[in-house]
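Peer 1: Using the sequences and the hints given, assemble the complete structure.
Residue numbers (my numbering): -14 to 313.
Simulated from the structure, these hints should not be mistaken for laboratory data.
All clues given are correct.
Okay, the calculated beta carbon distance ranges per label pair: (1) Arg171 x Gly222: 24 to 34 Å; (2) Gln10 x Trp68: 32 to 42 Å; (3) Glu163 x Trp68: 22 to 32 Å; (4) Ser153 x Pro45: 49 to 59 Å.
Computed from a predicted model, the values in this text were never measured in an experiment.
Beta carbons are placed, not taken as given, at the ideal position from N, Cα and C, and that holds for glycine.
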Amino acid sequence: MSVFILHPGKANYPEIEAYSDCLTQRGVPVEHGDLSALNRVAENRRAVLWCIMGLYRALPPARFVVHDYRSLSVGRMAFVKDWIKRALNARPNLRIFQNVRMRDAMGFSDGVPSLLLPMGVPDWIFDVTDDDATSMPAGKFCYIGEMSRERGFHKVLGAFRDARRDPSEALILVGRPEPSILDEFRDVPGIVFTGRVPQQDALRIVRRSDHAICYFPYHRPHCFQTPTKLLEYAALGKSIICNDAPSNVLAARELDIRCHVTGPRIFDELFSGAPIALQRNDPRKIVSLEWSRVIERSGVLERIGAATGQAAVMTHQRERGNEGGQTR
-14 MSVFILHPGK ANYPEIEAYS DCLTQRGVPV EHGDLSALNR VAENRRAVLW CIMGLYRALP
46 PARFVVHDYR SLSVGRMAFV KDWIKRALNA RPNLRIFQNV RMRDAMGFSD GVPSLLLPMG
106 VPDWIFDVTD DDATSMPAGK FCYIGEMSRE RGFHKVLGAF RDARRDPSEA LILVGRPEPS
166 ILDEFRDVPG IVFTGRVPQQ DALRIVRRSD HAICYFPYHR PHCFQTPTKL LEYAALGKSI
226 ICNDAPSNVL AARELDIRCH VTGPRIFDEL FSGAPIALQR NDPRKIVSLE WSRVIERSGV
286 LERIGAATGQ AAVMTHQRER GNEGGQTR
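Peer 2: Listed below in structure tokens is the structure:
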């Protein structure tokens, strides 16, 4: 058995690395790429095809096809795009959704079985230490993620720029900002753009900074998604400051993550002069969110193993890993 993880290639999907690692540890060969890469793979009809969903009206033949909805559509007419995906996508053997809200929003009714596979955090994140991060930049605040006007992030940076604060208090921004945002804020004292860096380096920057900022949009499709960075910040034991987007508030409540919740511009309140108590998180509370555990609990490995006659191999590999102390 082999698995090909198909993705549109337009966004960063931490799930792909997690899925690949989990399957590879069970002796399953894994490749990933876009549709052109899939078409170059020999004997693709024998593979399990695990699709991070876009729009795929037709796909090369495969023994077992998974449609994995990690996000709903973005941009203008997002609701219409999701309707088109529901109506025109090829029929899979199994669908996966990040959560119940996303499953219900897509509203499939064709009888294809589905599973929930929530967001997780890298297994190694709990082993990141301050010693690992000494070469990384550090600031009073840090933020990892998308920086776009569509998300309203320019308003957050505007609030930081206009706040009455100590100029030495830095906001470290990890990721690739929209060009207009970079042009507007690149010369603001205290705002530091690092650009895109490898995930482990990004989390080391978080480790070195005092407080982690989780800004999440209020509108569709973000209101259906779990904020990945909120989970990662908590796993690093950071104190977290987040805006009051529904996804932030719901995830913090469901997972018992400590957050100081603010309004949409975040820094208006932080620099208002009123005292704010910021509490660090205990990583032990969310160790169950390790990707290996999340994938295991979802049941997707059993479904794939049963469909391909590899159930015994999957089980054997998992048990051997537990005996060797490879999982928590």
